[in-house]
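Undergrad: Protein chains in written order, with our numbering: chain Z, 1 to 115; chain U, 1 to 116.
Hints listed in this document are in silico derivations from the structure and should not be mistaken for laboratory results.
Please read these numbers as outputs of a predicted model, since none were measured by experiment.
Take the hints with a grain of salt, since some may be wrong.
Below, computed lysine-lysine pairings styled on BS3-like, alpha-carbon distance capped at 30 Å [claimed, not checked]:
(1) LYS55/Z x LYS78/Z
(2) LYS55/Z x LYS73/Z
(3) LYS78/U x LYS41/U
(4) LYS78/U x LYS15/U
(5) LYS78/Z x LYS41/U
(6) LYS44/U x LYS73/Z
(7) LYS44/U x LYS55/Z
(8) LYS51/U x LYS78/U
(9) LYS44/U x LYS70/Z
(10) LYS15/U x LYS54/U
(11) LYS78/U x LYS54/U
(12) LYS41/U x LYS15/U
(13) LYS41/U x LYS54/U
(14) LYS15/U x LYS44/U
(15) LYS41/U x LYS73/Z
(16) LYS78/U x LYS44/U
(17) LYS55/Z x LYS70/Z
(18) LYS44/U x LYS78/Z
(19) LYS54/U x LYS44/U
(20) LYS41/U x LYS70/Z
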Amino acid sequence: AQTVTQSQPEMSVQEAETVTLSCTYDTSENNYYLFWYKQPPSRQMILVIRQEAYKQQNATENRFSVNFQKAAKSFSLKISDSQLGDTAMYFCAFTLDNYGQNFVFGPGTRLSVLP
Amino acid sequence: EAGVTQFPSHSVIEKGQTVTLRCDPISGHDNLYWYRRVMGKEIKFLLHFVKESKQDESGMPNNRFLAERTGGTYSTLKVQPAELEDSGVYFCASSQDGLAGEDTQYFGPGTRLTVL
Chain Z
1 AQTVTQSQPE MSVQEAETVT LSCTYDTSEN NYYLFWYKQP PSRQMILVIR
51 QEAYKQQNAT ENRFSVNFQK AAKSFSLKIS DSQLGDTAMY FCAFTLDNYG
101 QNFVFGPGTR LSVLP
Chain U
1 EAGVTQFPSH SVIEKGQTVT LRCDPISGHD NLYWYRRVMG KEIKFLLHFV
51 KESKQDESGM PNNRFLAERT GGTYSTLKVQ PAELEDSGVY FCASSQDGLA
101 GEDTQYFGPG TRLTVL
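Looking at chain Z on its own, in the form it has when it is part of the complex (with noise of 0.2 Å):
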């Protein structure tokens, strides 16, 4: 069975500054997908950021960027120039490369972002 593992319960950084989430898997599978979730607070889970396996290259959308190592099962979350919106629960999930998988979850790191 797969597992997502976030080690950082809770996180915080000063707007503007550099802070990185991380997040560690288990999967015995070679082609699968990874995600990264945000919850702002009372609001909807909104996709940030997806990684596919099988591409070498990191992903990077905006201020948002991955350091994705396939070999240490290793998925971290770099936001740079944090922005007081930014405050969320992040969540790690895992999907494996088949139609209509259901995502596996890990348990949340709440970012907070201080002026």
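Starting from the known structure of chain Z, fit chain U onto it as the hints suggest.
TA: Chain U in isolation, oriented as in the chain Z frame:
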């Protein structure tokens, strides 16, 4: 375009009662997923519909939970009878094609269920 909506946003019931949660996916999305987060733990998958059919219901905890998606539009999740351990937040998500990694699951705001 409206996002995924869920009703109610909160529900407080007593142990042994029945509760029905509703999810309206984004129009045109054939795939609908139910997840739940219990007691601040990980979000766990419950089941996946493709149109009106259950594609995967491996995450349903027991037979007290019944999910339906008649007509392939909105879905309901009924808990009968509710137990204390059912308390948590129930999320619904929908996606268009259901292709892992190529499609995006859009999540609803969740229904917070409290069983007393």
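Undergrad: Compare the structure with each hint and give your call.
TA: Results of checking the hints against the structure:
no. : hint              : verdict
1   : LYS55/Z x LYS78/Z : holds (18 Å)
2   : LYS55/Z x LYS73/Z : holds (14 Å)
3   : LYS78/U x LYS41/U : holds (21 Å)
4   : LYS78/U x LYS15/U : holds (14 Å)
5   : LYS78/Z x LYS41/U : holds (24 Å)
6   : LYS44/U x LYS73/Z : holds (21 Å)
7   : LYS44/U x LYS55/Z : holds (27 Å)
8   : LYS51/U x LYS78/U : holds (18 Å)
9   : LYS44/U x LYS70/Z : holds (24 Å)
10  : LYS15/U x LYS54/U : holds (28 Å)
11  : LYS78/U x LYS54/U : holds (15 Å)
12  : LYS41/U x LYS15/U : holds (21 Å)
13  : LYS41/U x LYS54/U : holds (25 Å)
14  : LYS15/U x LYS44/U : holds (22 Å)
15  : LYS41/U x LYS73/Z : holds (22 Å)
16  : LYS78/U x LYS44/U : holds (17 Å)
17  : LYS55/Z x LYS70/Z : holds (10 Å)
18  : LYS44/U x LYS78/Z : holds (25 Å)
19  : LYS54/U x LYS44/U : holds (17 Å)
20  : LYS41/U x LYS70/Z : holds (26 Å)
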